[in-house]
Amino acid sequence: MELKDTREIAAPRAAVWAALLSADVLKDCVPGCQEMAGSAEDGFEATVVQKVGPVKATFKGTVSLSDIVEGQSLTLSGEGKGGAAGFAKGEAKVQLADSGAGTTLTYEVDAKVGGKLAQLGSRIIDSFAKKMADDFFARFQAAVEAEADVSASEEAPVEEPDANKTDDAPKKGLLKRLFSR
Amino acid sequence: MPKDGIGASTKRREDIRFLTGAGNYTDDINIHGQTYAHFVRSDVAHGKINNIDTSAAEAMDGVIKIFTAADFASAGGIPCGWQVTDRFGQPMQEPKHPILAEGKVRHVGDPICVVIAETLEQARDAGEAIEIDIEELEPVLNMKDALKDGATKVHDDLTSNLCYDWGFVEENRDAVDAAIKSAHHVTTLELVNNRLVPNPMEPRVAVGHYARANDEYTLYTTSQNPHVIRLLMGAFVLGIPEHKLRVVAPDVGGGFGSKIYHYAEEAFVTYASKVINRPVKWTSTRSEAFISDAHGRDHVTKIELAMDENYMFTAVRTDTYANMGAYLSTFAPSIPTWLHGTLMAGNYTTPLVYVNVKAVFTNTVPVDAYRGAGRPEATFQLERVIDKAAREIGMDPAELRRRNFIKPEQFPYQTPVAVMYDTGNYHATLDKALEMTDYANFDKRAAESKARGKLRGYGLAHFIEACGIAPSNLVGQLGARAGLYESATVRVNATGSISVFTGSHSHGQGHETTFAQVVAEMIGIDVSQIDIVHGDTSKTPMGMGTYGSRSIAVGGSAMVRATEKIINKAKKIAAHLLEASEADIELKDGKFSVAGTDKSVEWAGVTLAAYVPHNYPLENLEPGLEETAFYDPANFTYPSGAYVCEVEVDPDTGKVDILGFTAADDFGNVINPMIVAGQVHGGVAQGIGQALLENTVFDENGQLLTGSFMDYAMPRASDMPSFDVDHSCQTPCTHNPLGVKGCGEAGAIGSPPAVVNAVIDALQRGGYNVDHIDMPVSPSRVWAAMQQG
Numbered sequence: 001m002e003l004k005d006t007r008e009i010a011a012p013r014a015a016v017w018a019a020l021l022s023a024d025v026l027k028d029c030v031p032g033c034q035e036m037a038g039s040a041e042d043g044f045e046a047t048v049v050q051k052v053g054p055v056k057a058t059f060k061g062t063v064s065l066s067d068i069v070e071g072q073s074l075t076l077s078g079e080g081k082g083g084a085a086g087f088a089k090g091e092a093k094v095q096l097a098d099s100g101a102g103t104t105l106t107y108e109v110d111a112k113v114g115g116k117l118a119q120l121g122s123r124i125i126d127s128f129a130k131k132m133a134d135d136f137f138a139r140f141q142a143a144v145e146a147e148a149d150v151s152a153s154e155e156a157p158v159e160e161p162d163a164n165k166t167d168d169a170p171k172k173g174l175l176k177r178l179f180s181r
Numbered sequence: 182m183p184k185d186g187i188g189a190s191t192k193r194r195e196d197i198r199f200l201t202g203a204g205n206y207t208d209d210i211n212i213h214g215q216t217y218a219h220f221v222r223s224d225v226a227h228g229k230i231n232n233i234d235t236s237a238a239e240a241m242d243g244v245i246k247i248f249t250a251a252d253f254a255s256a257g258g259i260p261c262g263w264q265v266t267d268r269f270g271q272p273m274q275e276p277k278h279p280i281l282a283e284g285k286v287r288h289v290g291d292p293i294c295v296v297i298a299e300t301l302e303q304a305r306d307a308g309e310a311i312e313i314d315i316e317e318l319e320p321v322l323n324m325k326d327a328l329k330d331g332a333t334k335v336h337d338d339l340t341s342n343l344c345y346d347w348g349f350v351e352e353n354r355d356a357v358d359a360a361i362k363s364a365h366h367v368t369t370l371e372l373v374n375n376r377l378v379p380n381p382m383e384p385r386v387a388v389g390h391y392a393r394a395n396d397e398y399t400l401y402t403t404s405q406n407p408h409v410i411r412l413l414m415g416a417f418v419l420g421i422p423e424h425k426l427r428v429v430a431p432d433v434g435g436g437f438g439s440k441i442y443h444y445a446e447e448a449f450v451t452y453a454s455k456v457i458n459r460p461v462k463w464t465s466t467r468s469e470a471f472i473s474d475a476h477g478r479d480h481v482t483k484i485e486l487a488m489d490e491n492y493m494f495t496a497v498r499t500d501t502y503a504n505m506g507a508y509l510s511t512f513a514p515s516i517p518t519w520l521h522g523t524l525m526a527g528n529y530t531t532p533l534v535y536v537n538v539k540a541v542f543t544n545t546v547p548v549d550a551y552r553g554a555g556r557p558e559a560t561f562q563l564e565r566v567i568d569k570a571a572r573e574i575g576m577d578p579a580e581l582r583r584r585n586f587i588k589p590e591q592f593p594y595q596t597p598v599a600v601m602y603d604t605g606n607y608h609a610t611l612d613k614a615l616e617m618t619d620y621a622n623f624d625k626r627a628a629e630s631k632a633r634g635k636l637r638g639y640g641l642a643h644f645i646e647a648c649g650i651a652p653s654n655l656v657g658q659l660g661a662r663a664g665l666y667e668s669a670t671v672r673v674n675a676t677g678s679i680s681v682f683t684g685s686h687s688h689g690q691g692h693e694t695t696f697a698q699v700v701a702e703m704i705g706i707d708v709s710q711i712d713i714v715h716g717d718t719s720k721t722p723m724g725m726g727t728y729g730s731r732s733i734a735v736g737g738s739a740m741v742r743a744t745e746k747i748i749n750k751a752k753k754i755a756a757h758l759l760e761a762s763e764a765d766i767e768l769k770d771g772k773f774s775v776a777g778t779d780k781s782v783e784w785a786g787v788t789l790a791a792y793v794p795h796n797y798p799l800e801n802l803e804p805g806l807e808e809t810a811f812y813d814p815a816n817f818t819y820p821s822g823a824y825v826c827e828v829e830v831d832p833d834t835g836k837v838d839i840l841g842f843t844a845a846d847d848f849g850n851v852i853n854p855m856i857v858a859g860q861v862h863g864g865v866a867q868g869i870g871q872a873l874l875e876n877t878v879f880d881e882n883g884q885l886l887t888g889s890f891m892d893y894a895m896p897r898a899s900d901m902p903s904f905d906v907d908h909s910c911q912t913p914c915t916h917n918p919l920g921v922k923g924c925g926e927a928g929a930i931g932s933p934p935a936v937v938n939a940v941i942d943a944l945q946r947g948g949y950n951v952d953h954i955d956m957p958v959s960p961s962r963v964w965a966a967m968q969q970g
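Residue numbers (my numbering), protein chains in the order written: chain A, 1 to 181; chain B, 182 to 970.
These aren't lab readings, by the way, just hints derived from the structure by calculation. The model shown is predicted, which means the values in this text are computed figures rather than measured ones. Incorrect hints may appear among the rest.
[As the list claims (entries may be wrong)] The list that follows gives simulated cross-link-like pairs (lysine-lysine, DSSO-like), each with its CA atoms no further than 27 Å apart:
hint : chain 1 : residue 1 : chain 2 : residue 2
1    : A       : Lys60     : B       : Lys325
2    : A       : Lys89     : B       : Lys569
3    : B       : Lys246    : A       : Lys60
4    : A       : Lys89     : B       : Lys752
5    : B       : Lys569    : B       : Lys325
6    : A       : Lys60     : B       : Lys229
[To be verified] Going by beta-carbon spacing under 7 Å, a handful of chain A positions derived as facing chain B:
hint : residue
7    : Val69
8    : Ala84
9    : Gly86
10   : Phe87
11   : Lys112
12   : Gln119
Idealized CB from N, CA, C, for every residue including glycine.
From just these sequences and the hints, can you work out the full model?
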């Protein structure tokens, strides 16, 4: 199945790009992610728990980044094995473009499942994949915007009067850690 | 004459145990020390196995042994039982079918390794801990693409994905082309015969038990033909001599063809039981059944029907792609060829027929016979194209059929497609069906439906099938690697009761009742005195089992022959006891009497004398009363019938409601009318299932999307009308002793075209220009076709 969507993120392109390369951001944004370790260069190891219709499974697998055009686009590929539940694979082609003060993030997702997941869950797999993608990019957007606000309020508080709207943002300090590395 | 003899609607004696939970199915068999096998199967359609790491799994609780292909290096592959020769005189391409995948996996469900553990749960848990590294390869799914140059190959060692390119009758190829070119009218139809998953109520089960004490193997399995499994597995796969291998198929909960074949799991449990020296049980889950039981149908066909100016059929030409799946299942190559091409004359006098079939390997579950096996595919295309032709020329479809029927006086009738029909009366079954369905007043009913906003349609289909499979010498010439006779031993006990050991196997057909009725009729004793024993190679003589509507026609005939031998011998004993000439002895109502006298002896008096031979002609006659007969038929049998379906289509939703379904069959003589009606009901239900509901869908990666009852629409009672079934039109078979033709598959053969013809009729009457809708004729397909038409 294939999905395509666009999100407007209120953060500079460099910040969005940095977040895409971060294991911590990915861990927080991948729905059901229990563990994520590794780096953008070598790929990430991940453990994800998900329930697809009648099939609940722990997927162990890898996430790798490829086709990297610095600051513009990359491909996130994930592959997880869920034991008796089968497997899930996905690829997200992500493109970034400046959009005023923020960034336009466009993604095209191609997902594939096999084994029991396909056999038992085929009716719901499309909507499941769409939800996974939507959740991921919504969390991603929230995380990046929260960081951007925090960064902005710390660095240029006068110009960002609405910085306090980030109260409930869960990823406070994340990008800062990234930038300071 | 016994009250439960031939022609009586005796209730099925086996139903008492089936309905009270007393049946003994394979999964009910548990042997001391039994272990459990769990198959780890491929979840990709096509891939290269780089590595299998079983180390973690082996260390887990309860795990006894994990098997991979390496453990079967000395075993043969699963054999194919039929070799088809192609148009050019070459044998089909026949890939190896290993017990466990060797190096590559070729369909989702292909077994890779097996865990044997103390409990099923431990086996499954360990299965999850096995790390299998598979490099996914491009799957081959579409048959036409699979045959293109440069297509990915399912089997690297074959030259292509083409199993065979078969032509029949090859010598007629040019004549058929010429007849079509010069025809007054040619009707063309392209269609799909949808792939079906058989789904018998009982999934497959196998229990292997090796006894070290005497080096004997026993396999308990859900099979329609235990002797065939013993032969194939013993001789070709595991190299076990037959006297050391016993195969038992106890109560079996439905087969529909899917339990004919020798499956890898059977060979596995038998072999593994010796390796670990403990019994091994495997029970398929429903999910496993969807990806490991052989599927049915899956043809893509173009058919052309040529007619002259009198609308007489002059030629039929077909072009079919038949999906074999990833490996050749036991009888797979014969289904689209000899069980399909030979039926393309149908009930008609068409003089020229040419059938081309390309059998194709794909990365899907193997395909083999499913109730009807090749004959539903033949009947569907022929009866659909005739209906389309009738519409094109503006003739009543019943009339077009009638004028092309073989006439009653033309039998025996030699068709242009090798088979010779011995008897039949197609006009009689057609007239019967039209009368039963009040065809004359259909227009009134259609008007009434229209007043309610519904579209009513009337669909007619006729069928012929070649069953009672089959003359061994003929099928041998056609490529069968087995004989197709049947056997029976009739053992009369000292007190007169009888055990009949038949090579036929009952898995829902009611043989225990009908076969007993035949013997009761022949001897004139009560049916309760006769038991039918089947399904155990250690008890029954070598028999070929049950499929192809062959049990009563072939197995029943063997039983008749053995019973005749019994009666002949019993008459000799009676003659001795009555001090009369054997020629004067008559057997009637279980009593032997001397013609024209009042001297007689009861059946039990004779049987007792046979086993207590104090007063017995020992110098001329052996004691005992037990006889065996093997029967090899001289010809196929040719049941036929006219089926009518009446539907209503809701034009707002496309939903098809079946208002009535009528079957007027000619099965020759009928042993038990109630059981025959039940067989037709079941067959029609499966045919309606194919026509309206069932479909097997793989996604573009070869994943089975319709892999559970959530997505694979099995017909339910609420989808069925009350059937109207008749078998009073009888032209008995001329070459078997009972004059029977077989009725097991008819319903599934004749019903799909009747349903689709009815739906098309409804749409046409409603003003929609729709020629054809592929099965299943689901609401969405009907609605979509209406938007186009």
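Per-residue hint verdict: phenylalanine 87 of chain A, partner chain B, C-beta under 7 Å: holds (6 Å)
Given hint lysine 325 of chain B paired with lysine 569 of chain B - CA-CA distance at most 27 Å: Since the Cα atoms of lysine 569 of chain B and lysine 325 of chain B sit roughly 25 Å apart, the hinted pair holds (cutoff 27 Å).
Interface hint compliance - valine 69 of chain A to chain B, C-beta minimum distance less than 7 Å: violated (27 Å)
Hinted pair lysine 60 of chain A and lysine 325 of chain B, Cα distance within 27 Å: violated (37 Å)
Given pair status - lysine 569 of chain B, lysine 89 of chain A, alpha carbons within 27 Å: violated (46 Å)
Interface hint status, alanine 84 of chain A versus chain B (Cβ within 7 Å): holds (5 Å)
Glycine 86 of chain A as chain B interface residue, shortest Cβ-Cβ below 7 Å: Holds, about 5 Å.
Holds or violated: lysine 60 of chain A to lysine 229 of chain B, with C-alpha atoms at most 27 Å apart: holds (21 Å)
Glutamine 119 of chain A as chain B interface residue, shortest Cβ-Cβ below 7 Å: holds (3 Å)
Chain B contact restraint on lysine 112 of chain A - CB to CB distance below 7 Å: At 6 Å from the nearest chain B Cβ, lysine 112 of chain A passes the 7 Å test, so the hint holds.
Given pair status - lysine 60 of chain A, lysine 246 of chain B, alpha carbons within 27 Å: holds (25 Å)
27 Å limit on alpha-carbon distance, applied to hinted pair lysine 89 of chain A and lysine 752 of chain B: Judged against 27 Å, a Cα distance of about 77 Å means the pair is violated.
Checked against the numbered hints given earlier, the structure breaks hints 1, 2, 4, 7 and satisfies all the rest.
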